[in-house]
Amino acid sequence: MANRANPRFTPYPQRPARGTTDDGDVQGPRGETRNRNHLVRYSILPVPQTVYLQQGSQAPIFNAPIAGGVNHYTSGADVLQILYDHSATGAMHDSDERFPPPLCHPGTREAVVIRIKDWYGYQQGPNKPIMWVHAPAGYGKTAIAGTISKMLEEIVGLDFNPLGATFFFWRTSAERNNPTRFIITIAHQLAISIPELKPHIANAISRSPLILKKALEIQLVKLIVEPFKALGDLKDIPNRLVIIDGLDECISSEQESRVEKKYAEDQEKAQVRILDLIHSLQSHRLPLSFLILSRPEAWIKQHIESRSFTDLVEVVDLYAVGDHMSDVEKYVRAELSRIAAKIGDAEWPTENIVHSFVRKTNGHMVYASTVIRHIDDPYDDPRKRLKDILDGSNDSNRDLTHSTPFSSLHELYRQIMRSCPESNRLLMVEVLEDIIITAGSIDEYYGLSRALGVLDSLSSRAAGCGARAIRGLHAVVRVSDSPKAFTMFPSPLNPFIHSSFVEFLMNPMLSLDFAIDKKKGRRRLLWNCLECISGIDSQNLWATAWSSKEDAQLCQDEYVKVVKKLLIIDLTTCFVKALEVPVWGSKFPYDTSLSPFKLNFVYSLEHLSKESDPLSQQAIMHVLSSIDRAIGHLILAEAPQSLDEFKQLEI
Numbered sequence: 001m002a003n004r005a006n007p008r009f010t011p012y013p014q015r016p017a018r019g020t021t022d023d024g025d026v027q028g029p030r031g032e033t034r035n036r037n038h039l040v041r042y043s044i045l046p047v048p049q050t051v052y053l054q055q056g057s058q059a060p061i062f063n064a065p066i067a068g069g070v071n072h073y074t075s076g077a078d079v080l081q082i083l084y085d086h087s088a089t090g091a092m093h094d095s096d097e098r099f100p101p102p103l104c105h106p107g108t109r110e111a112v113v114i115r116i117k118d119w120y121g122y123q124q125g126p127n128k129p130i131m132w133v134h135a136p137a138g139y140g141k142t143a144i145a146g147t148i149s150k151m152l153e154e155i156v157g158l159d160f161n162p163l164g165a166t167f168f169f170w171r172t173s174a175e176r177n178n179p180t181r182f183i184i185t186i187a188h189q190l191a192i193s194i195p196e197l198k199p200h201i202a203n204a205i206s207r208s209p210l211i212l213k214k215a216l217e218i219q220l221v222k223l224i225v226e227p228f229k230a231l232g233d234l235k236d237i238p239n240r241l242v243i244i245d246g247l248d249e250c251i252s253s254e255q256e257s258r259v260e261k262k263y264a265e266d267q268e269k270a271q272v273r274i275l276d277l278i279h280s281l282q283s284h285r286l287p288l289s290f291l292i293l294s295r296p297e298a299w300i301k302q303h304i305e306s307r308s309f310t311d312l313v314e315v316v317d318l319y320a321v322g323d324h325m326s327d328v329e330k331y332v333r334a335e336l337s338r339i340a341a342k343i344g345d346a347e348w349p350t351e352n353i354v355h356s357f358v359r360k361t362n363g364h365m366v367y368a369s370t371v372i373r374h375i376d377d378p379y380d381d382p383r384k385r386l387k388d389i390l391d392g393s394n395d396s397n398r399d400l401t402h403s404t405p406f407s408s409l410h411e412l413y414r415q416i417m418r419s420c421p422e423s424n425r426l427l428m429v430e431v432l433e434d435i436i437i438t439a440g441s442i443d444e445y446y447g448l449s450r451a452l453g454v455l456d457s458l459s460s461r462a463a464g465c466g467a468r469a470i471r472g473l474h475a476v477v478r479v480s481d482s483p484k485a486f487t488m489f490p491s492p493l494n495p496f497i498h499s500s501f502v503e504f505l506m507n508p509m510l511s512l513d514f515a516i517d518k519k520k521g522r523r524r525l526l527w528n529c530l531e532c533i534s535g536i537d538s539q540n541l542w543a544t545a546w547s548s549k550e551d552a553q554l555c556q557d558e559y560v561k562v563v564k565k566l567l568i569i570d571l572t573t574c575f576v577k578a579l580e581v582p583v584w585g586s587k588f589p590y591d592t593s594l595s596p597f598k599l600n601f602v603y604s605l606e607h608l609s610k611e612s613d614p615l616s617q618q619a620i621m622h623v624l625s626s627i628d629r630a631i632g633h634l635i636l637a638e639a640p641q642s643l644d645e646f647k648q649l650e651i
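Its first residue numbered 1, the sequence shown is counted upward by one per residue in the UniProt record's numbering.
Accuracy of the hints is not assured; some may be wrong.
DSSO-like, lysine-lysine: derived pairs with alpha carbons at most 27 Å apart [stated by the list, open to error]:
1. Lys301 x Lys330
2. Lys360 x Lys384
3. Lys128 x Lys117
4. Lys269 x Lys150
5. Lys117 x Lys150
6. Lys269 x Lys301
7. Lys117 x Lys360
8. Lys214 x Lys150
9. Lys269 x Lys198
For each label pair, taking beta carbons as the anchor points, the in silico distance ranges come out as [claimed, not checked]:
10. Asp233 x Glu175: 34 to 40 Å
11. Asp323 x Leu231: 24 to 30 Å
12. Lys150 x Asp317: 20 to 26 Å
Please keep in mind that the hints were generated in silico from the structure rather than gathered at the bench. The beta-carbon is built from N, C-alpha and C at its ideal position, and this holds for glycine as well.
Construct the entire structure; sequences and hints are all you get.
Put into structure tokens, the structure is as follows:
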């Protein structure tokens, strides 16, 4: 017997038999019958304002004969309700999901807020319709977006709301971490802030109910562009500001399970698509301006600097605007004073504590606020907690591992690391390991880009491989460094935006799969140096890679292999090159410059087992004799070659 589906339970709307009437039928202009229950059922068409219910039946009647009495009610559903149902409601600046919204601390970030206000200009709008404010993680971009939103809504004396719409992306929210609801959410808010648009948006949905399920590019035209055009002359409509925060957190994933596995591959395409949608909107010369805030991800920066965007975007580097240290100090003083009042200690904090705290933040508001949340614990002494952090004690490190505020900071770092495609993560960790190990030996004026070039060559990687491996880490690493002038007292290279990121990487309990091993990395780099020693000075690496007797004993075979490798290298040439580096206009004092290396090297060779003692003595003699030959060569090279040169030295 053939299976028969029960139409009562079928998920698809069924047409009634010929000659019968369905409760969802409506009469067309030519007398034909149409069914629309499935459109209403799935919230694609608006529910009519007036609905009649026949007694004894729960089915609505649309333009059909009514038998018996009816119950009449008015529905509140309309175009705004339809848009609301399909919007990412949590992405709006005043949503309950974001309450309380992050805002700038009073008196902070004033420079950038003024910069944005001056650019926007309210009534007429800015010369460039788009402003991109970028900054690394932790510089308060979302707080700035929230402050601007609140400020615009509270402006008095205007007969319109200058805030057109907002969208706050968030990578862990299923409806806020992808572009699916972006256009509908913007259209919904524009229908409220510009009421004249509402009937035209309603007409667009009535004419094409499936528009709410179509491509974003089509939604943009039908729900925003065409309704604006239907208003006629747009010159008299005041300019509205659309704020889009956290563009870098749009990862094109609707499933939470994909956040870690897939978004690294999808995010570039999703974020560039949002930029193209904004570019398309502004191309129609609508009375809209766009404020975009994000991290300076390479693909976002590249797209905004492309020819199609260059003349339309005003770029603001938040890192270069305002006094971040001063802003953080205002916040720190206010919060510590609040905590001091709560615990009843009028003598705390001292100026030294405040200054130490501010220095440790390095201008990062997110770090400062995380520390404040950590120490503001009713079950512990905030003074002790802050002292542990500032002193960097081991007890504090163990405590921070389980601290909820710091857990959010560490999860932020893990999310940033996951922005690297999974296939490249081992290489990314290796490159970060190389940078951390060698940064102290590289002067700041040399720059990270050049340093990565050397490290690529040293590690037998293809040129540019290191830079590409950390391409997605612009939020925590200053990859695009500009050359700095040479100074007499150069600072060591420090490409990491905040020291807490380095601490995070070196603690495997925090960084998990992204942890780096400095000891293992030093040994790896040392071996690479020995492979191409004629051009590389590996003295410092040797001293640090094998300074521990425990490490040498644990890796005895590897250590013996390295010592044997050393014996076949022309160390004299290496030392000559190292000693020829000028400092302060003169040469190194030869013997004293190599004395620490002599001591460290001789000490490290004592780590060899007794069976390898002849190898140890041979290696020591090789190093010491190479140093002596190098010094003798340089002394002879500087000696006067003629009587005239000797007389000039006497004068």
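Structure-inconsistent hints, enumerated in ascending order: Structure breaks hints 1, 4, 7, 8, 9, 11.
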